[in-house]
Amino acid sequence: MSFIHPLALLGLAAAAIPALLHLLQRRIPPEFDFPPVRYLSAAERESARRLKLRHLLLLILRTALIVAIVLAAARPLVPLRGGGAHQPTAAVFVLDNSPSSGAIVDGGLVLDRLRVVARASLGRTTPADRVWLMLCDGVLRGGTREALLATIDSTRPGWLRLDLVQAVERAARIVNAQPLVGHEVHVLSDLQRTALVSGHADVPAGVRVLALAPGRGAPNRGIATVTVSEGAAVVELSGSLLGSGGTPQPVPVTIRIGAGRRDRGEVTARGLATAGSGRAGGAIRSAVTVSLPAQSLAPGWWLGEAALEPDELRADDQRPFAWRVAPPARVMATPGAGSFVAAALAVLQEGRRVVEGREVVISGGELPTTPHAILQPPADPALVGQANRALASRGVPWRWGQLGTPGALASAELPVLNGVPVVRRYRIEGAASGEQGGGDVPATVNGEPWLVRSAGIVLLGSRLDTTWTALPAAPGFVPFVDALVNRIVMGEAEVAAAEGAPRVEFRTRGTDTIGATVFGPDPRESDLTPATIALVTTALGGKDRTAVLGADRFAAEGFSGTRRADASGILLLLALLLAAAELGVATRTR
Amino acid sequence: MAQRLDLLDPAEVARLGGIEIVAEGVVEGYLAGLHRSPFRGFSVEFTEHRAYQAGDELKYLDWRILGRSDRLFVKQFEEETNLRSMILVDASRSMAWQGAPERLTKRAYADRLAAALALILLRQRDATGLVTFDDQVRQVIPARVKTGQWTRIVRGLLDTPDGQGTAADAALQRLTALLARRGMVVLISDLLFDRELALAALRYLRHRGHQVVVFHLMDPAEVELSGPPEVRFKDPESAVSVVVRPRELARAYADTVRREIAAWRKACRRHGIAYHHVQTDMPFGLALRLLT
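As they're listed, the protein sequences go chains A and B. Mapping of the first sequence onto this note's numbering: position 472 corresponds to residue 472, and the numbering continues sequentially without gaps. Mapping of the second sequence onto this note's numbering: position 31 corresponds to residue 31, and the numbering continues sequentially without gaps.
Certain hints may be false.
[To be verified] Only part of the chain A face toward chain B is listed, based on derived beta-carbon distances under 10 Å:
no. : residue
1   : I28
2   : P29
3   : E31
4   : F34
5   : P35
6   : Y39
7   : L40
8   : S47
9   : R50
10  : L51
11  : L56
12  : R216
13  : A497
14  : E505
15  : T508
Worth flagging that the hints you see were computed from the coordinates, not collected in a lab. Small disclaimer: the values here were computed from a predicted structure and weren't measured. From the three backbone atoms N, C-alpha and C, an ideal C-beta is built for every residue, glycine too.
If we strip away everything but chain A, and leave its shape as in the complex, we get (with noise of 0.2 Å):
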C-alpha cells in the first residue's frame, strides 16, 4: 500500500488525543450537596460494567476515527486485484516480430500468437497511461492505444534480430523516467534462448517486466552464411533439431548462381550437410561446401543464392551471396623469385589463371617499381638491410628482421596453408619499432607474421623454396601462387553481410562497383529452441520483477501491479460511521 500524500501520515500522532485528553483533562468536578447519593451509588454500581466498556468503546471509536481521518488525508492506494482501473501506468510493449516470429509452430504463425496477446494486453490501457511499442527495429513507437492497435495489426515479420535483453532494459529505462504511478514492460516473444544469453537487464526498481511465456519450440535448420572461396561456396547451417529425436539428417542444399543473368545463365550444385562437431544443446552448426564452376565464369560479380527445403521457419531457407570473379592477374616474376614459383605460374598460365605482365611482380628481395609487387626475402643475408632501406623508401611498414624459429603455417583466409612446416624464416616486423607493422597478416608462424599485406606490397617471411619451407612442395603451392597473384596482392572486394531482407546491395566508386552487402536475417533466429522460465526471468530483471505468464493470465496481470484504488473514500465512509457509532454510544447512554 503506498499513499499519495504520505506525510499527512504524521496526523497519526493526533491518534492519541482522545487518550491524552483522558489521562490530562482529569480536573477537579464541582461539588453539589445530593442527599439521595445512596441512589446514585446504587444506580453507578449497576451501570458499572457498563459505564466502563462505554467509556472504552468511545475511545476506541474516537481514536479510530482519527486515524481514519488521518489515512483518509494520506489518500492511501491500495492493490487491487481483478476488475477496476488502474492508476496511471507507463507501458512498453514489446512485440518481438523478428524472423523467428514467422515460424509455423502447432499450425499457427507464431507472431499471431503474440499478437492476440498484445491486442488484449494493450486493450486495457487507459487514455491516462502512456504506451509505447518496440518492434524488433528497436524503435519505440509512441501513440495513441488504437494507433498502436492498427500498428500491431500490420505488424508482419521482419528482417532484423531483437536482443530481448537490451530491449527490455532500454524499456524499462524508459517507462521508469515516466512521472507515473506504474511502470510496466510487456514482453511478446517466443523468447528464443539465443535472444537471452547476451546477460542480464538491468531493470530499475519499481519496473515490473511481464513476459509471455515461450511457446512450444520446433526443430529447424537454416543457412547463416555462404562464402565463395577457391572456386566454391561454404554453405554453414544453422538452426536445432529439437523434436527431431536429436539425430542429425543430412539436409540437401541447392545453390544456384547467376539467375537473372540472360547472358551467363544459371548453374545449379548441390551438397548434403549433417550436423558437425561443434553442436551443443541441440543446435545445429554444420556446413557443407560445393564445388563452383569457377573456370567458365566470367570475370565480373555474381549473385548467388542457396536454399533448404521449406521447414517451419521460411525466413531462413534461402540466403543470396554475392562474389566477384577477377580478370587473369598479369604476372611477371623475377629471376630471384626462384623455380618454384615460375613453375607455378606456368602451370597458372596454362589454365589462363594468369597471363603475362607486369601488373604483379614476384621477385627474391630486389622491389620492383610496379603498384604491385610479392616480395620474398633475399637469398643472400647481407642484402636483407638494402632491401628494407627499399621497403621503407617506399613507404611499407614492414621490415625483415632476425630468423625466426620454424614452425607450422597457420591461416584463415588461406586455408590451403594450414600445417605446412616452415624451417627457416625472417620475423616480419613493424618499420619503425620493432613492432608489427600496417596492413594485415594473412598468415603467421608460431603467432608471428610469416606473409603480410600493405598497400599493393606483399611480404613473405620465407622465400618459396623447399629448403626455407615445404610449401613449393605441397598440393596447395599453385593455388597459393593464384590466391597470392589474383586475390592476396590485387586486393579482394569486400563483401559484407548485414541484417535485413536478403538482397544483395553492391557499392560503387565513381563507375566501378568495389563491394557488396549481402542482407539476410541473422543465423541465430534460426534456433527456435525457447528460453527455460528459469533464464527468462533471470534475464530481463530477476524473479522481483519479472514474471512470465501464460497467455490466460497475462491480460489480468497486466498493470494489475498499478491497479489500486484511493482508498481515501471508504476511509471517510469509515470515519462517518465510526462519528455515528460514537455520536450514538454517546447520546444512547445519556
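Since the structure of chain A is provided, determine the placement of chain B on it from the hints.
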C-alpha cells in the same frame, strides 16, 4: 378566574406569607372543594363486656349482669374523643435541600403540608400533635384539640431547626411510647434512611392499631438526574460523595429511584400503610387530596 391556593404552585403559595397564612389559605381552598370530611372521629358508644379484673374501676361495673347472674363484668366503650393524630415531620439535613432556587426545600414543603393537615384535623375537632425529628426527636407537641393547638404546632415547626442525619427508626420507636392510644400517624419525610429499620417501626405502629400514612417527599431534581458534565455529589448528612457524569447515569438513576419508590409502596401496602409519593412542585391541595 378565582385562584385556589391549594392548587397553586407550592413555591408561589409560600411567597404569600408565613406558614399560618399559607396553611389557612390552602385549607380553605381544600375544604371548599370537598364534599365530605376525609376523617371521621368516634362517638361514645358501648362496644362489649369483659370479665372484671382486680384494679378495674368500679364505675364501669355492670350492675345489671351482676344482679341477674351474680357475675362481675365491666363495660368497655370506644374512644370518647375524635381522631388522635400525630404528624411526624422529618427535619434532617437532607430535607433542607432544594433542586432549584424557585422550588421549596423539602423541609419547607413538609412544614406547610403538616400545618395544613393539622389545621384540617383540628377543625374537625380531632386531637392533633406534632413530632419533629432528625437523628433524634426534636419537638413533641402532644395531640390536643383545644384552642391554640394549631398555633403551637406551627410554632413547633418553626422552632425546629434543620437537623443532622436521619434516624427515623429511633424517632419512630420513641414515638410509639408517646402514642399510647390508637390514632393516625402521618410521616412526612424524604425517606432517605434505612428502609427496613423504618418499616419495622412503622409496622409496630400499625400493629398497635394506628392508621399510618407516609408522605414520601422528593424534589423533582431527585427524580430526574441532571447537572454539569461531571460533578461530585455529596450527601449532606453522611458526607459520602460520588463523582458521576449525570448524562451517563441519568437513566440508571431514574430506574433506581423508580425501583426505590416501588419498593416503598409495595412494602407499605403489604403492612397496611398508606404510601404517597409527593414531589415538592405538587400543589398542596393535591397532596392533601391523596389522603381521601
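Verification of the hints:
no. : hint : verdict
1   : I28  : 8 Å, holds
2   : P29  : 4 Å, holds
3   : E31  : 4 Å, holds
4   : F34  : 4 Å, holds
5   : P35  : 4 Å, holds
6   : Y39  : 5 Å, holds
7   : L40  : 5 Å, holds
8   : S47  : 4 Å, holds
9   : R50  : 8 Å, holds
10  : L51  : 6 Å, holds
11  : L56  : 13 Å, violated
12  : R216 : 75 Å, violated
13  : A497 : 93 Å, violated
14  : E505 : 95 Å, violated
15  : T508 : 102 Å, violated
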